[in-house]
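Residue numbers (the working numbering), protein chains in the order written: chain A, 86 to 400; chain B, 597 to 1164.
You may find that some hints are simply not true.
Stated by the list, open to error - Covered stretches of chain A, going by a simulated chain B footprint (3 or more residues, C-beta under 8 Å): (1) 136-149; (2) 167-177; (3) 187-197.
By construction, these hints were calculated from the structure, which means they are not laboratory data.
All C-beta atoms in this analysis are idealised placements derived from N, C-alpha and C, irrespective of residue type, glycine included.
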Amino acid sequence: MTIENQRPPAVLIDQVSKWYGQVIGINDLSLAIDGGVTGVLGPNGAGKSTLFKLMMGRIRPNQGSVRLFGVDPWANTSPYRRVGYVSESEKLYEWMTALDFVSTLARLHGMTREEANDRSAHVLDFVGLSEVMHKELGKFSKGMRQRVKIAHALVHDPELIILDEPLHGCDPLARTSIMSVIREMGEQGKTILVSSHILEEIERITEQIVILHNGRLLAIGNLHAIRGLLDKHPHRILINCEDPRSLAGLFVSEGPVFGVRFPREGQLEIQTNNLSAAHSILPSIVVKSNQKITSIENPDDNLESLLGYLIKEGS
Amino acid sequence: MDSKGRSLSETVWTRMDRKAGAIIELTMRQLRHRISTWVVLGVGVLLMALLLTFYIDSVRESFEPIDNDGDSEDNDGDGYPLGQERKYGTWDWDSAEYPGSSIYIPESDIDWNDAIRTESGNKSWTGRAFFEASWIDYDYTGDWYDSYVDWNPNQEGTPELADCSDWEYEDIISIWSDACDLGDGDGDGLTTYFVAGKWRGEGFATVPEEYYLEWGYWTEEVYVEPEPPENYIDEDGIDCFEGLDLREEDWEGNRVECPSEQRLSGSHGFDNDGDCLSSNEGAGDDENRNGIKCDVQWISSNGVVIMIDRDDLVDEDPDEQEYIGELIHRTFVIGVGKMAFVILLGLFIPLFLSLGLVRDETENGTLHLLLSKPIHRAEFIIYRLAGYLAISGSYVIALSLVVGLASSILGPGDQIIRLGDLPVWLGIGVATTMVLVAYGSMFNAMGLISPKYGVYLCIVFGIWEFMMGSFSIINPNWTVASVSISHWALQMIDATVLLAWPDTIQWAAMDQAFEFESGLSAFWQPPVHTLGTSSAGIALLNSFIVLSLVSITWIFIAKSVFSRREIL
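Generate coordinates for the entire structure from the input sequences, incorporating the hints supplied.
Put into structure tokens, the structure is as follows:
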């Protein structure tokens, strides 16, 4: 058996606690991540950035150990060769052009100037900035700046990519393009960690999530599996349609539904204990009802209600 | 290719190289984008331009010949300068006494107790006498204090004096600087006067008891051409001789240029204007007590003139053109090197450029970008400092060479450029660069130790360094001053000066001995930290090592602080 076969996971967090004076950032967290795109979810102040800073060796855990590819990132810079990190900090060197910026940072990986320029042009193209790469960063919009940051994190073709709130403050167009970039990287087989405090954002990127709350690990696993846990929790589905009443009849007769309401004209609210079952029969009911459905919403399927439920369960 | 099949360009060292290159380049570009960089570097250039204009001014002024011993002055206004009067043994505070003027030669006298108390003839008299005059020189006059008798002659040519024929004897005797008329008592047609003071005339003098009379004659006056005062400026230069028997007849043939390659010792100097030899009533002077009158004693050690001890009035008025130009030039080079480069630029450039090298990245939030790359924090500090040094060091060395070139062209000497100066200027540039490294690493560490109050710490350190630097210029032997970076950098300049211009000790000794007052000794003294060898090379190496150790220590302190710091 060779050492390669015992390859350590990309990220290994072992009983880590980190506090800032009286404030607890991370509380006894254990986590191992290797491969795929993982969303790190949690409201503001849940400890997402603290977790990432621990991984990047910016801060030192008070208890427990952090390992990137089996190496302590606080003591040793060698894992950074294999990691790309997009911090939440917005600051860039405003007087540099995008190409300059990315290639200067690329050279810190030991690339020659030519290599760095080639790679930088390539990743800037990958994030969709090839047309503006000779413009100064000071003239860039927020979404463009986020993409420059992603480009700098990708320039050395890392195995692990950590993105701290990459969609924060971006307009919808930029969000879409950044999300597709992240998805594409995931398809390339990289280990990706993306943090967000908005569930829908993460949902569009990945199904594998970690939920943090008050520095603790609240849940880990597939988003839908976690959602499955919510089945006992009464859930609402809002359907906008032409004839809510006939559709309500169909649901009550066939589906796992314990109540219906009509909050507005042309809108049906279904209350269910088994969200996935309700969703699974939803298409057949829609077909059966033979009417035009304009939208289906899950108002309880957001982070806040998920967290609220998980915390209640936990207590 | 190495054993693992990687090409040579992929070793750890080349990777480090590339990282260093990237950070250095980034740092330089960041510094270039800051206004404060341009302000401090621009002020440095302006300062140097100002100093150069002062230099041009001082060079022109000092080349005017100076009469160091003041013997070109004509104090009594008789047209003869002091130097010429000294040569002829005349007094320069009496306009009646000048080279070639007639001199009174005393012949004889009648003392208060001599038995024979009469004398006759045509003489110049001094004293008291009853004088039966056949002729009196009414023009024999002088200053009132010299007691010349005023005869007050009328139009007929007879003196009009007080008639004292019926006076008491005591009253007659008591007059002075005057004469009175006693009339023609014996009826021979000649009037008898009582005269007291100085007078000239022919007649018969009878000296009263208890009084005296002296007489003599004045020599013929000879015309001596007054020499122009310029002859007594720079007339007694510094003379050095090849052999020690300098009192030979052909001493002129033995003369050599003093600041020559050959290190002089022993008795030198020649009293060109003769004022030493004629002093002490011709006995000369041996102030330096070496047994030779009117000479200059040169004392050498290890082939370098370290002291010059001269007798008074020897080599006391040297040619400024020949000496002070060189002295002022060296004083300028050393003064600018120490004050402007090491103390001013050395302190202010790091204060503006190095304090925030790492701290500002933390405050701006751009540090996250850099530290997410595989680069150690200590490496980061060193590369940042290297970037700062690339700008400030090349600036300082370029500036020192430009100022050096300008002053080498303007400076004294026959050659177009004083090539011998350039090593000194390079030494100044290198010493200042060492200061930039030391202060840079120190101020950078201060910024890291206390991002908020680091600047105040730096200012306190800066004041200390400024004071210790100034003290080190005045007295490099003061031990307390060696607890400063500037002291060691100034030592580097002292050592470089001695290496590039080995005869600077001799120049300093000449400056003091011959009173050029160029200020060289105020700005330069031989290096102190020679470990007892008095070798400039060892002092230079010693200072270099001390400054390097100080810099490494501060880099290490910065590294320790930075490595432990959590970046939020």
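Cross-check of the supplied hints:
Taking a C-beta to C-beta cut-off of 8 Å, the region 136-149 of chain A contributes 6 residues in contact with chain B, enough for the three needed, and the coverage statement holds. As drawn, the region 167-177 of chain A meets chain B at 8 residues by the rule of a beta-carbon pair under 8 Å; at three or more, the given contact holds. Evaluation of the coverage hint for the region 187-197 of chain A: fulfilled, as 8 residues show C-beta separations to chain B shorter than 8 Å, against a requirement of three.
When the structure is compared with the earlier hints, no violation turns up for any of them.
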